[in-house]
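Student: For the record, the sequence lines run as chains H and D.
So the first sequence is numbered by our numbering: it starts at 1090 and just counts up by one.
So the second sequence is numbered by our numbering: it starts at 1090 and just counts up by one.
Hint data in this document are derived by calculation from the structure and do not stem from the laboratory.
Mixed in with the good hints, there may be bad ones.
Note: identical chains are not told apart, hence a pair may lie in one copy or across any two.
Claimed, not checked - Taking lysine-lysine and the DSSO-like style, the derived pairs with C-alpha atoms no more than 27 Å apart in a straight line are: (1) 1339 x 1182; (2) 1135 x 1213; (3) 1170 x 1280; (4) 1172 x 1108; (5) 1339 x 1280; (6) 1140 x 1346; (7) 1339 x 1135; (8) 1387 x 1182; (9) 1280 x 1133; (10) 1316 x 1416; (11) 1108 x 1280; (12) 1346 x 1316; (13) 1280 x 1407; (14) 1346 x 1182; (15) 1108 x 1342.
If you're wondering where the values come from, they're calculated on a predicted model, not measured in any experiment.
Protein chains: 2
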Amino acid sequence: MIILLDAMGGDNAPDANIKGAVKAINQIEAEVVLIGNKDVINSKIKEFYGKNDVSEISDRLKIHHTTETIEMCDIPTQAIKHKKDSSMVVGFKLLKEGNGDVFISAGNSGALLTGATLLVGRIKGIDRPALAGILPAYKGRLMLMDCGSNTNCKPINLLQFAQMATIYNRNTFGIEHPTVGLLNIGTEETKGNELVKESYRLLKEKAEELNINFVGNVEGRDAFSGKLDVLIADGYTGNVFLKTVEGVGKLVKRTLKESIKKNVFRMIGALPAMPSINSLAKAMDYKEYGGALFLGVKKPVVKAHGSSDERLFEFTIKQAEQFVKNKAVDQMIEYFEK
Amino acid sequence: MIILLDAMGGDNAPDANIKGAVKAINQIEAEVVLIGNKDVINSKIKEFYGKNDVSEISDRLKIHHTTETIEMCDIPTQAIKHKKDSSMVVGFKLLKEGNGDVFISAGNSGALLTGATLLVGRIKGIDRPALAGILPAYKGRLMLMDCGSNTNCKPINLLQFAQMATIYNRNTFGIEHPTVGLLNIGTEETKGNELVKESYRLLKEKAEELNINFVGNVEGRDAFSGKLDVLIADGYTGNVFLKTVEGVGKLVKRTLKESIKKNVFRMIGALPAMPSINSLAKAMDYKEYGGALFLGVKKPVVKAHGSSDERLFEFTIKQAEQFVKNKAVDQMIEYFEK
Chain H
1090 MIILLDAMGG DNAPDANIKG AVKAINQIEA EVVLIGNKDV INSKIKEFYG KNDVSEISDR
1150 LKIHHTTETI EMCDIPTQAI KHKKDSSMVV GFKLLKEGNG DVFISAGNSG ALLTGATLLV
1210 GRIKGIDRPA LAGILPAYKG RLMLMDCGSN TNCKPINLLQ FAQMATIYNR NTFGIEHPTV
1270 GLLNIGTEET KGNELVKESY RLLKEKAEEL NINFVGNVEG RDAFSGKLDV LIADGYTGNV
1330 FLKTVEGVGK LVKRTLKESI KKNVFRMIGA LPAMPSINSL AKAMDYKEYG GALFLGVKKP
1390 VVKAHGSSDE RLFEFTIKQA EQFVKNKAVD QMIEYFEK
Chain D
1090 MIILLDAMGG DNAPDANIKG AVKAINQIEA EVVLIGNKDV INSKIKEFYG KNDVSEISDR
1150 LKIHHTTETI EMCDIPTQAI KHKKDSSMVV GFKLLKEGNG DVFISAGNSG ALLTGATLLV
1210 GRIKGIDRPA LAGILPAYKG RLMLMDCGSN TNCKPINLLQ FAQMATIYNR NTFGIEHPTV
1270 GLLNIGTEET KGNELVKESY RLLKEKAEEL NINFVGNVEG RDAFSGKLDV LIADGYTGNV
1330 FLKTVEGVGK LVKRTLKESI KKNVFRMIGA LPAMPSINSL AKAMDYKEYG GALFLGVKKP
1390 VVKAHGSSDE RLFEFTIKQA EQFVKNKAVD QMIEYFEK
């Protein structure tokens, strides 16, 4: 297996990308190809590890040289069209041509989604591919789809998100009938805006035929109960949800830290509780749950968090290997193109 | 001052409503009128306090007898029209006629908003009144408006929410130029759905003229930084945001509790940290911040949380007294009707 990693994308590139790959390489079986400027990568390898070449670190660590980088401020479609030798465009080409099994990038999100759709291609039967993210839940996890790739959706898109997420959960997590909820502001079917009301009707109507275990509308307050496997939303609402989770998580960490620091007695008193507090902080950090999977395109594409650090790259690379091993994309192609 | 309290509305009515009023009465100067069935209320007073009449508890505690109750399952407009002797409809009438200064209800939200608009009336110049809720933030608070009363909004509605929230923050919290952000999925002005993009343009265009300190788009991840005073959203998105905050809060509490209980050593170890953990739990609980204010109608109306317990009713009653004292509604009328 070959994992293609955009070495130049992300807020902490290329340092975090390279360090993450080095950390991951001995925990996986796959090859990792760092796609980016060879000179830059090699000088970092020298600086961080005192080696002259990536091969001295592992014979499964490679470099694929490119000369351009898509920046965060680039306009997605233009960048994909014109920056032919960028780490992202080259990554997609290698993936499409079969010279890699999965592509990971923490770069410009818009460009990544545009590139995946244009260069790798949609699965026949899927109108809109979408980002599936994994969030913490009570004694479990929650898959959110769409995390933000489609700002404007139609009910049919949400139905397809439900189908894809169901296949993924069944295949990868071994949940035969994953529970699927529709993010809404009330549980009654009369609640919500037009999109969500129509999506509810469509999901309800098609659930049995498509083997979706649709449990109806779910409010954000009940999303993390651990009983829900999949939460479906249009990309706008899904992204509001995702970033709110992140915001509250940040607030929790900060408040707890300050509250403990308030006085020295509290601080000393808190020391024995630190394992509990740390495991909470870990459970609350959705980055612990890795990158988001771009489902609906013909090959595995993983969107790493833009602010990924080396630890998160390490985690996302391991997650990507699992993504390929589980053949989720193949199963989706088989299901939708049948 | 007279505070009108719907004694029959809410998941824990009338017990929590009555107990909350009794707890609050000695902490406030105002009269509290319990609106509801006299026999039911008096039998509860007997049961809880061994008294024959509310006057034995305080001469500022009264009952206004009504015979009907609007249930959670009632259709809002029909309930307001037909249940003329319900605690909610009577509450609005007393408020409108000047026999009370503020009305609090934890009952059917739709009926409360419909009733406030139909029976009390909108302020001239306001197209859509909306719910303003107070949430925790880092070393501070965040006002969210609209919390969920208007599922479908136009940009002009969001502009008016920004105006009302600005007046409220200036007047009640003494913040001369409260920072106002627009909830969105990115900070760039090109981000978001059509409503939010147009609202951004309108807010930017009108900010100076209307003396709104508009700071642009704000993502959920940055909303709780403590630097933002007001977060504006349409009622659908605002409600998704609000309930997601609640959901994460619940997850935090539950995870922390379980994590501490995991083994007895951890539990004992955690004891000295309990003040910190409790103050976090308190800071995370948006119920601590009271009910939501229905801004844009001619009199003060407070929507108490549907699941309010006695502690929350106590808090909301004190908050309502403050709401009247600060004359926020009068200032809004003066501003918009000028």
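Student: Hint by hint, note whether the structure agrees.
Tutor: How the hints compare with the structure:
Proximity of residue 1339 and residue 1182 under a CA criterion of 27 Å is satisfied in neither setting, with 37 Å inside one chain copy and 45 Å between copies. For the identical chains of this complex, residue 1135 and residue 1213 are neighbours neither inside a copy (45 Å) nor across copies (70 Å), given an alpha-carbon limit of 27 Å. In this assembly of identical chains, the alpha carbons of residue 1170 and residue 1280 lie at most 27 Å apart only when taken from different copies (22 Å versus 42 Å within one copy). When the C-alpha separation of residue 1172 and residue 1108 is checked against a cutoff of 27 Å, the pair qualifies only within one copy, where the shortest distance is 26 Å, while the shortest distance between copies is 68 Å.
Within a single copy, residue 1339 and residue 1280 get their C-alpha atoms only as close as 30 Å, which misses the 27 Å cut-off; across copies the closest is 23 Å, which meets it. Proximity of residue 1140 and residue 1346 under a CA criterion of 27 Å is satisfied in neither setting, with 39 Å inside one chain copy and 47 Å between copies. Taking the shortest alpha-carbon separations for residue 1339 and residue 1135, neither the intra-copy value of 35 Å nor the inter-copy value of 47 Å comes in at or below 27 Å. When the C-alpha separation of residue 1387 and residue 1182 is checked against a cutoff of 27 Å, the pair qualifies only within one copy, where the shortest distance is 13 Å, while the shortest distance between copies is 63 Å.
Neither within a single protomer nor between protomers do residue 1280 and residue 1133 lie at most 27 Å apart by alpha-carbon distance, with minima of 54 Å and 35 Å respectively. In this homomeric assembly, residue 1316 and residue 1416 come within 27 Å of each other (Cα to Cα) only inside a single copy, at 25 Å, whereas the closest approach across copies is 46 Å. In this assembly of identical chains, the alpha carbons of residue 1108 and residue 1280 never lie at most 27 Å apart, being 48 Å within a copy and 32 Å across copies at closest. For a Cα distance limit of 27 Å, the shortest separation of residue 1346 from residue 1316 across copies, 19 Å, qualifies, whereas the shortest one inside one copy, 30 Å, does not.
With identical chains, the CA atoms of residue 1280 and residue 1407 are never at most 27 Å apart, being 40 Å at best within one copy and 32 Å at best between copies. Taking the shortest alpha-carbon separations for residue 1346 and residue 1182, neither the intra-copy value of 46 Å nor the inter-copy value of 49 Å comes in at or below 27 Å. In this homomeric assembly, residue 1108 and residue 1342 come within 27 Å of each other (Cα to Cα) only inside a single copy, at 26 Å, whereas the closest approach across copies is 35 Å.
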